[in-house]
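Residue strings, one per chain:
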Amino acid sequence: MSRMPLPYNPKVLELFRNPKNLGKMEDATVWAVAGNPMCGDMITFYLKINKEEIIEKASFESYGCAANIATSSILTEMIKNKKLELAWKITWKQVTDEIGGLPSIKFHCGILAVGALRRAIRKYFKEKGDKPSWLPQDLTFEEKQALEEEELAKRLAKRIGGQE
Amino acid sequence: MSRMPLPYNPKVLELFRNPKNLGKMEDATVWAVAGNPMCGDMITFYLKINKEEIIEKASFESYGCAANIATSSILTEMIKNKKLELAWKITWKQVTDEIGGLPSIKFHCGILAVGALRRAIRKYFKEKGDKPSWLPQDLTFEEKQALEEEELAKRLAKRIGGQE
Amino acid sequence: MVENVEELIKAHEGLKREVYLDIENSSPVPQEVIEAMLPYFTTRGYGNPALTHKPGWEAYEAIMKSAQKIARYIGAENPEEITFTPGETEANNLALLGTALTWKNMGKKICISEIEPVSVLHIAQLLQEKFGYKTVKIPVDKEGLINLEKLKEVVDKETVLVSIAAVNPEIGTIQPIKEAAEIVKTQNPNTVFHTDFSDGYGKIKINLSGTKIDLATLSSYKILGPRGMGALYIREKTKIEKILEGQIATQKFWPGIENTPLIVGFAKASELAFENFEEKVAHLRRLRDKLIEGLLSQIQDTLLNGPHGENRAPDNVNISFLHCEGEALTIELSLKGVYVSSGSACTRRLLQPSHILVAIGRRFEEAHGSILMKVTRLHTDEDIEYVLEVFPEAVQRIRKIVGSTVSV
Amino acid sequence: MVENVEELIKAHEGLKREVYLDIENSSPVPQEVIEAMLPYFTTRGYGNPALTHKPGWEAYEAIMKSAQKIARYIGAENPEEITFTPGETEANNLALLGTALTWKNMGKKICISEIEPVSVLHIAQLLQEKFGYKTVKIPVDKEGLINLEKLKEVVDKETVLVSIAAVNPEIGTIQPIKEAAEIVKTQNPNTVFHTDFSDGYGKIKINLSGTKIDLATLSSYKILGPRGMGALYIREKTKIEKILEGQIATQKFWPGIENTPLIVGFAKASELAFENFEEKVAHLRRLRDKLIEGLLSQIQDTLLNGPHGENRAPDNVNISFLHCEGEALTIELSLKGVYVSSGSACTRRLLQPSHILVAIGRRFEEAHGSILMKVTRLHTDEDIEYVLEVFPEAVQRIRKIVGSTVSV
Ligand SMILES: Cc1ncc(COP(=O)(O)O)c(C=O)c1O
Ligand SMILES: Cc1ncc(COP(=O)(O)O)c(C=O)c1O
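Protein chains in written order, with our numbering: chain A, 1 to 164; chain B, 165 to 328; chain C, 329 to 736; chain D, 737 to 1144.
FYI, nobody ran anything at the bench for these hints, they're computed from the structure. Just so you know, these numbers come straight off a predicted model, no measurement behind them.
For each label pair, taking beta carbons as the anchor points, the in silico distance ranges come out as: (1) B:K212 <-> C:K728: 19 to 27 Å; (2) D:N943 <-> C:E713: 55 to 63 Å; (3) A:F107 <-> C:E481: 43 to 51 Å.
Where is the CB? At the ideal position from N, CA and C, for every residue including glycine.
So that you can see chain A by itself, here it is in the shape it has in the complex (with noise of 0.2 Å):
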């Protein structure tokens, strides 16, 4: 493509003007972080999840740009009232097209906001010390795409010069 596509849709900025769930959670659950502030794109997820494994309440803070912001709120809106089972099935893409679309460049943010859900997922199970069946040993798609991004950006910051 010779034409970088990036104006955002109209949702995306309407999430951007007002997100929904935006805010530390005092009281969550569990809570985990995906994305390095030296990419300039991190997203916290915070979750309280009741005894029935059902995702009462969610909510973001982002260190990134509007896409970042917007797929962050419309996941948390997702995830909302379902179970883990189910919040754990969703992907990037289904974020993506629930948005309404992203420039293809900005594919990272649906994928890092996934990525924040799942690590948040997990934590909740091995703090638990339980594993469900439905929840792979192996790092899935977005979760392995996560973390490269962060190990790129170490590397680069090495690279380029001494920074932590």
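Given the coordinates of chain A, assemble chains B, C and D with the ligands onto it according to the supplied hints.
Relative to chain A, chains B, C and D with the ligands alone:
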């Protein structure tokens, strides 16, 4: 020079519009040509020379650009009523100055005009079977240049393919 | 020198009509195109189209819509196939050098026609002289039509690129470009086929996605758009490398930030050329033929350069006036308000006249006396009549100066 | 995508003021410049300046006068030293690639600063990666000043070219460019010294003929001239080869026919920048300082990027807002009518933030939150006050979204 200094000065334009001494001279004592139609530059000089070796009349025809026409025309003016020896001594630089200067890529027009004049003078003495002492044996700069341009045109034509 | 030129301009005072026919080299821009551009200079879309602010988004919108329009007019599959460049020259350089860079290890043969515009010809020569390519020139017949048989013979495994202008800029020959591309791809499906389509765009229809053409150059001013804008159509899967480096905005193959007002002007000029296309082309053809026939019938010792009739671009007039030097004639005509150019060596600042005229078999003297003119949809019958009125006496005066010189 | 952008533009309706500060990337053109250009689009000088007819002579006159004007403003010996190009990118490509082509058998070392604009940086990298050059980058200090000691060490017999921007486009550092050129020539008189002067032209004075600078890039839109126009100053005896091929009109080093209206616009913009120069620069400095001080004092956790005071370009403001992602901030500001750009990786479509900010020691997070703004002579105190009014709440809102994320 990065900029082609193209524009003619007003004197060139004036002589282009109203050339002096234009046309074939039926009663010419001698005439000569310089240049080659292949390079788009050709001048014919006609001289009427009296017994005192004074040029009584001069005229020209020119197949060439405005500079070509103007330099030929001014040269016919410059030599009128001059002794052949004095006419011979006129250089292309004097012609160019007389006309108020030429863009450098048009210098060859003045050179060609002087070349044609000197050819006519040589021809006059050759036909007379007489060589005055002031007439050099070797070709002068202007004559050589005219010859070179003619030969270049022929070589180019040959290289490009089968042109006469 | 600036003072001299002021005098030259003054010599034109009091003209009763002015007819500009030198569309080959540059062109004025009509008011409608100016009006389309103006807001993008001053109030809208003056930002970088790759950036996230209103003037950037406005620029992005304008560029996308312009690319869509132009893509539609040439039958491109999608607007991503249009790369805007600063002109025809730059688009041709990108096509040839960019392809050579991409396939530099695949073969070292390049094939052009004998009558390509200089920006194609000189790059092909550069590749031969400095980068070890063999440049083969396909000959043309007396009307400038390329020899398809010869093309078929020449294209082989080594051939990385063929470049043939669909419409010759000087003599107006319309090539069988679809067939040429088919032949090339049959001989070698990997050979990249480029055409400089600058003289076809807005004058003959093409549906590029239905052809085997990979790259096609367009030029804005040749359809009365602003100077400083051209485009290269790059078929979606065609590989090419950029030839200059720099900041990337929305385009991949030409660095720097897009020139939104000029892109909008180019799109507007395209719209004006393609609206009522058949009618406009019929108008061009009629004026072209009126001019050709008028000149040939009123003036003796003339030769039409390029084909007659259907094989000729609807706007192109190119006639040699024998015993008449071209540059002198352009000045004489200019003083009468008729602005044309010549294939004369003088005009070209070289000893050689137009290589295109020489390639169709014109003798040097014939080429030196050639005059190139292009009519536009804005020219009127009165314009052509004025040209026909002043032309004979202009030729006569120059011929009088020539006298017996060239027949000596 | 075009529909999306229409919605984005609509979201800006009802703005009470708009302040465009993204002069780094593109700029609107003031009415006086438009009016200077317009006749050359429509009624005058629309011909090829190399041809012998009235519209060509008019073009020649306009181009010569423009070149003379620009030459005067930079202290060039004569207007022949100005080569017009389609932009800064092309001028930088001509300077670097054209010099490398000329001296390819003389040495294979090129030297740039760590903080060159991408069009210089990427060409230098290309020469290293594909053409066997060694590209050495001279480090800069925390304010972006190049290390002259290091420069002296690095330049040797092998060094064909040094390129250092006289004024950094992002952080506004004014380099000791005269001294740098002196040092280079003392080390090796044959080394060609190029400077991208795009951010200096019209903002700081220079007398090029009194320096050892051989090549200098100028850009039209950076002084509120039209896009699509730039120039390379080429000192009279400096050897350089053209990098593209094509039709030659009046210039030797850039092919194609000159763009007369844009050249006239560039010259007019220059005139407007240099008329009452001191006064205008004082106005820029005052607005710059008002903006810098206002932002630093009203908003916490900010860092000025680049030098304070005299070593800083009079128009440049570049501030990092910590815990604040730059692209998000540019959108938030855009929705309030303030148009700026960011050194954020997002804006740059790369994972890496601005190499310039990294080179002066900014951490990645600091670079991601940077905002670049340039004031012009047309900005008013009210504009700056409006920016200062909306900026704090914009930063606050983005920081609220970031929350505790980056400090986790
Ligand atoms: C950040 C930035 N903006 C703008 C430009 C210049 O763009 P143009 O050549 O389109 O004038 C450059 C060129 O290097 C650049 O690096
Ligand atoms: C005769 C002639 N005119 C005009 C042009 C195009 O000029 P530009 O690239 O400036 O549009 C060319 C390019 O090859 C050319 O050969």
